[in-house]
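Letter by letter, the chains look like this.
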Amino acid sequence: MAGIEIRNLRKQFGDLHAVDGVDLSIRDGEFLVLLGSSGSGKTTLLRMIAGLERPTAGEISIGGERVDGDVPPRARGIAMVFQSYALYPHRTVFQNIAFPLEASRTPRQRIEEKVRWAANMFGITRYLDRYPRQLSGGERQRVALCRALVRDPKVFLLDEPLANLDAKLRNTARDDLKRFQRQIQTTTVYVTHDQVEAMGLGDRIVVMEHGKVRQVGTPQEVYEDPVDTFVATFVGQPPMNLLPLRDPSLPPGTLVGFRPEHLLPRSVFAAGEDLVTFRFAVRRVEYLGSDRYVYGAVMESAAPDATIIAKLPGTIPLTIPEGETHEFAVPRRLLRYFDADTGLRRRP
Amino acid sequence: MTSRRTLADREDVLGSVMLAPALGYVILLVGVPFVLAIALSFSNATAGSLSFQWAGLGNYVAILGDSIFLRALRNSVVVTVGTQVLVIILATAAAQVFRATFRGKRVARFVLLLPWAVPVSLAAIAWTWIFDSTFSVINWTLKAAGLMHGWLYWLGDPALALLAIIIVQAWRIFPFATVIVLAGLASIPQEIMEAAIVDGAGFWRRLLQIELPLLLPVVAVAVLFGVVYTATDLGVVYILTGGGPANTTHVLPTLAFQRGILGADLGQGAAIAVFLLPFLIVVAIAMLRIARRAEVGGAGGTGGAR
Chain S
915 MAGIEIRNLR
925 KQFGDLHAVD
935 GVDLSIRDGE
945 FLVLLGSSGS
955 GKTTLLRMIA
965 GLERPTAGEI
975 SIGGERVDGD
985 VPPRARGIAM
995 VFQSYALYPH
1005 RTVFQNIAFP
1015 LEASRTPRQR
1025 IEEKVRWAAN
1035 MFGITRYLDR
1045 YPRQLSGGER
1055 QRVALCRALV
1065 RDPKVFLLDE
1075 PLANLDAKLR
1085 NTARDDLKRF
1095 QRQIQTTTVY
1105 VTHDQVEAMG
1115 LGDRIVVMEH
1125 GKVRQVGTPQ
1135 EVYEDPVDTF
1145 VATFVGQPPM
1155 NLLPLRDPSL
1165 PPGTLVGFRP
1175 EHLLPRSVFA
1185 AGEDLVTFRF
1195 AVRRVEYLGS
1205 DRYVYGAVME
1215 SAAPDATIIA
1225 KLPGTIPLTI
1235 PEGETHEFAV
1245 PRRLLRYFDA
1255 DTGLRRRP
Chain X
23 MTSRRTLADR
33 EDVLGSVMLA
43 PALGYVILLV
53 GVPFVLAIAL
63 SFSNATAGSL
73 SFQWAGLGNY
83 VAILGDSIFL
93 RALRNSVVVT
103 VGTQVLVIIL
113 ATAAAQVFRA
123 TFRGKRVARF
133 VLLLPWAVPV
143 SLAAIAWTWI
153 FDSTFSVINW
163 TLKAAGLMHG
173 WLYWLGDPAL
183 ALLAIIIVQA
193 WRIFPFATVI
203 VLAGLASIPQ
213 EIMEAAIVDG
223 AGFWRRLLQI
233 ELPLLLPVVA
243 VAVLFGVVYT
253 ATDLGVVYIL
263 TGGGPANTTH
273 VLPTLAFQRG
283 ILGADLGQGA
293 AIAVFLLPFL
303 IVVAIAMLRI
313 ARRAEVGGAG
323 GTGGAR
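Here the protein sequences come in this chain order: S and X.
915 is the number of the first residue of the first sequence in my numbering; add one for each residue after it.
23 is the number of the first residue of the second sequence in my numbering; add one for each residue after it.
Hints may be right or wrong, so weigh each one.
Which stretches of chain X does chain S cover? Using the computed rule of at least three CB atoms under 8 Å from a CB of chain S, they are [stated by the list, open to error]:
hint, region
1, 218 to 230
2, 276 to 282
Pulled from the structure, derived: some chain S residues nowhere near chain X, Cβ distances all over 12 Å [said to hold, decoys possible]:
hint, residue
3, 935
4, 978
5, 994
6, 997
7, 1000
8, 1010
9, 1016
10, 1058
11, 1064
12, 1067
13, 1132
14, 1159
15, 1179
16, 1213
Just so you know, the hints here were simulated from the structure itself, not pulled from any lab data.
The model shown is predicted, which means the values in this text are computed figures rather than measured ones.
Each residue gets a CB set at the ideal place from its N, CA and C atoms; glycine is no exception.
Hey, can you work out the whole structure from these sequences and the hints?
Rendered as structure tokens:
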């Protein structure tokens, strides 16, 4: 059990600042998700915690011990699951899971016990004699988790472990993973580019871009209170609408943001609610079963060509004809304001 | 635009046409001599005469009772196996060195590949000087370093001469094997090696339990090529020892050459050469099986759902 402290961590590859001054405090037992697109530095950050990459500058402590110097991965008390699972193809499932124990010279009897215990935990006992190639993607992923588990690590490092699973399996695997982490209560750092995974798994989410941390917060904080336009548009699908409103009461250069699901026909709101009303020129309506996406333009916007999306739940049965202008509204308390130049959040 | 079908449209015909030169080449230059060799081994044909008389198994009976032949057969096995063992050890070690990045790597790699590019005869002549009974640089170095008293007659002592042959053969093949092993190392996914590091495996454990098993199919290919190169080579032994002293270092190709061409007994020469065949076939089949099994085992270790 251990928290991780990261101070002003940097990693340069030639001219590229892969990780550019990250400060992060990961709590003991926390499930922390590093979220970012490819090239955001999230994997490099994870690999530096693992000891696979040497920081250019900065400090990393795991459980209060500095590890950024020459402390090799095996002395850091970490276990890692790779995106490809990195199972040893010439070893059986049993031998794969036993490998870290053999490396630490665990007595044979103890290895046998621990492998069975871990395999039992993930329900793969009957595959112990098989080779990785004889397993499905989901089974391989569980073998990889077992191999990480038997080491009794202080910290779990997971690098997109669900990315290679098909969509259906990913949901169950996500659930399994979360329950497993709750059960063993080991500090976990999880890298993903998938915001649904990040929201569903993380106690807290770290949103990264260009090697820098943009925001750290609970899924709710990151979604509802993004600190800048990057986080606002990166988290959420479809992304937050941002528009320069022609409103003299706002300071110049202000962007107004609101989530698509908050932009609804005016008629569905109760009377007396504090609303901001827009004339919404509907271009196209997309029927998606549980939702409808309504694409159009807001006439009050200073950039009336920009596409604005409204997400109507299936519970609103109103017909919205394409090519006409409707009155849509957003509750004022759900509006978020940003500085158009810096992208940073502004208080209204 | 012409609507007529041209030769290029007819894949059946085109295929045969394009395969024909290669096929003709193999039949004329490999197939015919091969069949001829087997036929000659059952005859008492001699060089310089056009007569061809059936001799049945006579040639085989004769050579199997010949101690020089049996010795050559044994030498062939010893040299071939010994060379491969030496080559695999050297190539694996060299591949580890060349995987690292260091100053002058390009130059070093060029130097490494040189022995492979040098013509066999030239190299063998250079080595005769290295092993020379009077001027041997090896002896001179060992003496100067104070590691040896007395004198080694490299090419004069049967055991040492075989060792010398093995050294030269290994020197010749090992660059090629190194390149193959390097390619094999590059094909091991980076994440597997990193997983082993994170799992706490040190250098030797990674080498012996992860890298070498995963390299097996590639090493098998290198060994297969090596066996064929060494077992069929005439030049090194012929120039280095000429089969001497006293016919103790002959291998099958040199003995076949001596008996068949120099001794003009084509029948017996052919019979000796034919003995290479089962030897090479067994090795080839064994190696290809290992390669295939390991390949199946290696595939699908990474990657996603099936």
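So, going through the hints one by one against the coordinates:
1. 218 to 230: As far as the region 218 to 230 of chain X goes, the hint holds, because 8 residues have Cβ atoms under 8 Å from chain S.
2. 276 to 282: Not satisfied, violated; 0 residues make the cut.
3. 935: The assertion about residue 935/S holds, with a minimum of 25 Å to chain X.
4. 978: Given that every Cβ of chain X is farther than 12 Å from that of residue 978/S, nearest at about 21 Å, it holds.
5. 994: violated (5 Å)
6. 997: Incorrect as stated: the minimum Cβ-Cβ distance to chain X is 7 Å, not above 12 Å.
7. 1000: Incorrect as stated: the minimum Cβ-Cβ distance to chain X is 4 Å, not above 12 Å.
8. 1010: Violated: least Cβ distance 9 Å, not greater than 12 Å.
9. 1016: violated (8 Å)
10. 1058: violated (8 Å)
11. 1064: violated (10 Å)
12. 1067: violated (9 Å)
13. 1132: The assertion about residue 1132/S holds, with a minimum of 29 Å to chain X.
14. 1159: About 45 Å separates residue 1159/S from the closest Cβ of chain X, which puts it past 12 Å; holds.
15. 1179: At roughly 42 Å from the nearest Cβ of chain X, residue 1179/S sits farther out than 12 Å, so the non-interface label holds.
16. 1213: At roughly 47 Å from the nearest Cβ of chain X, residue 1213/S sits farther out than 12 Å, so the non-interface label holds.
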